[in-house]
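J.: What follows is the residue order along each chain.
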Amino acid sequence: MAEPLALYRTMVTIREAEMALARLFADGEVPGFIHLSVGQEAVAAGICAALAPGDSVASTHRGHGHALARGLGLRGFFAEVMGKASGVCRGRGGSMHVADLSVGMLGANGIVAAGAPIALGAALAHRTRGTGGVAVAFFGDGALAEGVLHETMNIAALWRLPLLLACENNGWAEFSRSETQVAARLAALAAAHGIPHREVDGADALAVAEAAAEAVAALRRGEGPRVIEARTRRWRGHFEGDPQRYRDPAEAAEALAHDPIARARAAFLAAGGDAALLEAVEAECRAAIAAAIEAARAAPAPRWEEERMGAYAPAEG
Amino acid sequence: MAEPLALYRTMVTIREAEMALARLFADGEVPGFIHLSVGQEAVAAGICAALAPGDSVASTHRGHGHALARGLGLRGFFAEVMGKASGVCRGRGGSMHVADLSVGMLGANGIVAAGAPIALGAALAHRTRGTGGVAVAFFGDGALAEGVLHETMNIAALWRLPLLLACENNGWAEFSRSETQVAARLAALAAAHGIPHREVDGADALAVAEAAAEAVAALRRGEGPRVIEARTRRWRGHFEGDPQRYRDPAEAAEALAHDPIARARAAFLAAGGDAALLEAVEAECRAAIAAAIEAARAAPAPRWEEERMGAYAPAEG
Amino acid sequence: MTELRTLQAITRALSDAMEADPSVILLGEDIGAAGGPFGATRGLHARFGPERVRDTPIAEAALVGAAVGAALTGLRPVAEIMFMDFITLAMDALVNQAAKARFMFGGQRGVPMVLRTPHGGGLSAGPQHSQCLEAWLCHVPGLKVVCPATPADAYGLLRSAIADPDPVIVVEHKGLYAMKGELPDPPAPVPIGRARLARPGRDATILCYGAAVHWSLAAAEDLAREGIEAEVLDLRSLQPWDEAAVLESLSRTHRLVIAHEAVEAFGVGAEIAARMAEVGFDELDAPILRVGAPFTPVPFAPPLEAAWRPDAARIAAAVRRTLA
Amino acid sequence: MTELRTLQAITRALSDAMEADPSVILLGEDIGAAGGPFGATRGLHARFGPERVRDTPIAEAALVGAAVGAALTGLRPVAEIMFMDFITLAMDALVNQAAKARFMFGGQRGVPMVLRTPHGGGLSAGPQHSQCLEAWLCHVPGLKVVCPATPADAYGLLRSAIADPDPVIVVEHKGLYAMKGELPDPPAPVPIGRARLARPGRDATILCYGAAVHWSLAAAEDLAREGIEAEVLDLRSLQPWDEAAVLESLSRTHRLVIAHEAVEAFGVGAEIAARMAEVGFDELDAPILRVGAPFTPVPFAPPLEAAWRPDAARIAAAVRRTLA
Ligand SMILES: Cc1ncc(C[n+]2csc(CCOP(=O)(O)OP(=O)(O)O)c2C)c(N)n1
Ligand SMILES: Cc1ncc(C[n+]2csc(CCOP(=O)(O)OP(=O)(O)O)c2C)c(N)n1
Ligand SMILES: [Mg+2]
Ligand SMILES: [Mg+2]
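Chains as they are written, first to last, in this note's numbering: chain A, 3 to 319; chain B, 3 to 319; chain C, 153 to 476; chain D, 153 to 476.
Since the hints were made in silico from the structure, they are not lab data. Beta carbons are placed, not taken as given, at the ideal position from N, Cα and C, and that holds for glycine.
The following label-pair restraints were derived from C-beta to C-beta distances: (1) C:ARG466 with A:GLY312: 14 to 20 Å; (2) B:ALA189 with A:GLY275: 48 to 54 Å; (3) A:ARG179 with B:ALA268: 51 to 57 Å; (4) D:PRO392 with B:GLU181: 42 to 48 Å; (5) B:ALA259 with D:GLY201: 32 to 38 Å; (6) D:PRO338 with B:GLU308: 50 to 56 Å; (7) B:ALA255 with D:ALA330: 28 to 34 Å; (8) D:ARG354 with B:GLY75: 56 to 62 Å; (9) A:ARG179 with C:ALA330: 28 to 34 Å.
Assemble the whole structure, with the sequences as input and the hints as a guide.
T.: This is the structure in structure tokens:
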């Protein structure tokens, strides 16, 4: 089972990293646009806690948390999002494409729902190669409108692949309430495909981790795909800088009441845990993030002329 | 309610027309490839019997029956499938593209599931323009694997559009049993979307017509989309010339036991109908088909040089 | 004359078209009350209501497919795909349905729909939110493709596109949305298929469209200081394109540079160059040069993206080379 | 040397590749026990089992997306799209995922997948089952595209494609499946990116690929009777394409005709002509002529389709024109 302190560390890492990005973005140190998962950290942390080395994760446009929870390093992460040559993708991908194939992180993705069939293929590879590994497809509630997600569910169900479909249901698809976008409940769709579905409170990291552990164990036993739907809250705009005029302030305020980190902290203390431990974790996370940011700041900008690698593998010999 | 004799006439027209095509195809008088709906006639006949002028139909690769049931004329039909200049599409489309926009037949379609969003758009147009019309999307059971069908269901459900999703469940997708292709039952998918679903015996034209009439009435009342799933049987190969090596002879033989025409005939007679009436209908159909074939044979082949109309509307003035 | 931004010109065109014709409706993701991801539909939901300005779910294939069906059933839908990169999800509806219906059904009817979609880089939006894929669409018989460079053309081409009996793709450059320009009063449609002489010149022709028009004008400005008078021809319509205007210009300058932001290889410039290497061969005093992006995805980091994107300097250099 | 049909050469290549490398798997609709819609996978399901020869549902987007994920996770998937017209449904996975992964992830890894798909007309398969859309794919950095004209190349290019570290699209002409030819013993891979001299000549170069190679050879045969010696260069690889070989041929013949079945406008020939109008400009003694299909969908009726498709007569006429 996932260790509370480890989950806490992952969540704090994501929160602190993304809040730092929010500041860096406001200060013009992050180019392009970024989608933060602040408030949703327990989902990434809980799901990824159930994974083993070799497992695969395909993510979304809101993928920082998934990447960090999967073990993509902070230095490569910040340098990438800040567009530096030392970025994990050499500054070519940015926020929406952070990927580290060495830890099975197959990439954030700029195309809604496109990670789902990629994870399907990863699950197929695990099965075919007999690795014992599993694959996770993260997706949002709005992504359920995209056909390819349904194609993916169908194939995963037919072939009983070790695929965990992890839905982050934050109630929003960009500027629209997702109930105006998606008619079906995921539970009902999963049931139609014969895929076991479990709903969890996405602000409760332990609950997510427990559900994920159970699902991943089933996947490893070859029992076919699973769906976990985590009810969660988007604390910030769709992207940084989004004025959120479309958003009812009461709903936005209510979202803040569901703080996965505060909740984990309280649970830890209630179980007799030592606050000093939490503070130590927080301090370590902050220090690591600060160091990563400083390293990224100091890192050179990528230069096109020095970029030897193009769209193809270099010719051999 | 649909009139039994009218249904009978439609089914006989489809059967006789397609059996004639089978012969013409074998004799080399039909170019390309054709997919026959022999054995499935009651679905096209029953659904289209519920429609009024102005309603729209989008069809599939197996679309002859839908086209004829919707009122596409036999002469234009045969000439088209036989590749003649007098074809309803001037010989440019052929079997997979028979269309007659003047009767709301928006085309057979070579792309599996592509008719569904087209019908969705037609339903949207009926709603927006306030025509009171409805749209029908015909699709096969194998098409349920295509994402766009799910996108269509979702949007139709959300917007409560007057769209009838008419599934011809013949158990096959090309050379594969569709249960190896589609994990979910359509009933469950429809339920997940909140779309009323009704299963009917696709060999019983009256039952199909009754279900369609009920569904179309609901559509016209603005109650949102409906699904009708007709269990039906593909009597012939996926395409003409298909040796069907993949097919269990017992299953193929069983299919023949479900003959919508024989069944309609028996029901008509059992209800005290006069066999002479049926025979008169049959004779009329055969005569009309024979005349259409003769006309198509006599019609000139299209000549590229004479084809003034290209891919765009001719420039004005 | 009114001065406004490209984005406002687009909103105005949509609004005027909806005013003029009740069969015009809008379909797209978050185009309703939210006013569209870039703000192109701001105010239209309030003005024309949710039945005519429809927020769609994230389902590009069905969105465009529905536009086809609606266009075949009496509406004139204007669909929006949020980033041109996402047309990858709607190619079947565009290519196999919208483009083919008129021909394939023997000329019974066309599909009077419009697809608006922004392309282009410069925002560090990365490899999946910056592509210029218009060459694909130009290769598809049955589609028309336009790409305005000014607010007046953004207005005028969109009005023509909406009025057109066939499907038209209006490719907008997101980097130009904020650019200001003059709109004639009353604003007027701009015919599809006609190039615009953006700057006359006699020494060489720079053929371009979209954002590259502005780079080309800047290049011409620089070149003028060196005594080189480059003519800048804004193609505006990519399919059909104004072959007569290009030939006419070439017959005066005898030198041709083609500039666009899309990847050079197999891009729009290839067709124009190929055609001029045929019908304009005798006019050519120098090789036809193309300035397009190198053959990689669009990189994210600003210095990479800036180096990757064509610009005025590269265009000017190409002109100098044709004159060397 | 063994004589066999193109289709058998393809089956053989798949079989040999699967034999040689357990990470090669096949994915496609009805490719399993049924042996594939055209029979390209006949016998492979029995030989390699259902885990390595996977019948997929009718879901092209997920099929190709899954190939991407599988290729990123240690397999070498060979996906089949039944007709090239259906790649419209899988463009996102091809263009935004497969093509970009290597570059966008900073060179961490490539996507070693193959997509096989048949194009071309001649079967009266109509407007949605006959298109040649390869130019689209050639415009996408990160994809490679090949198109064999002979059984030996069908074998050799497919083997190279499967071994390649990046995504390769193998475009097969369905009209050539039954064509017989020689396969070397043992059969050998054919390198991607190299053209093949199909017939030497000195008066003009006919550049072509796929089915057009056979029309070009027939045209050359006819022209030879008139004393015109046309060189036929089979491009084989469309992205990357063998610029050196084309230039070399042009430097001898000084006249270029480019032939393909795809629609001429914005087709593969446009890029080659454009490039030759740049780097080969000084070698050109005549306009570059292209022979491609006219700008309409592929019509169904045999006389229309036959008139629509390019053929030997049109190619020969173009060669005569370049020499006139
Ligand atoms: C194919 C595609 N369509 C549209 C978009 C634009 N877009 C980015 S995120 C988003 C909303 C996604 O909602 P959801 O899946 O619920 O994820 P969330 O943002 O809530 O995490 C949209 C429409 C896109 N990136 N890709
Ligand atoms: C997008 C697409 N993929 C594949 C095909 C090839 N194909 C034609 S019909 C068919 C099977 C369709 O099965 P179903 O929907 O059940 O219809 P049926 O043939 O049984 O009437 C397939 C795979 C196609 N035409 N379009
Ligand atoms: Mg959401
Ligand atoms: Mg079926």
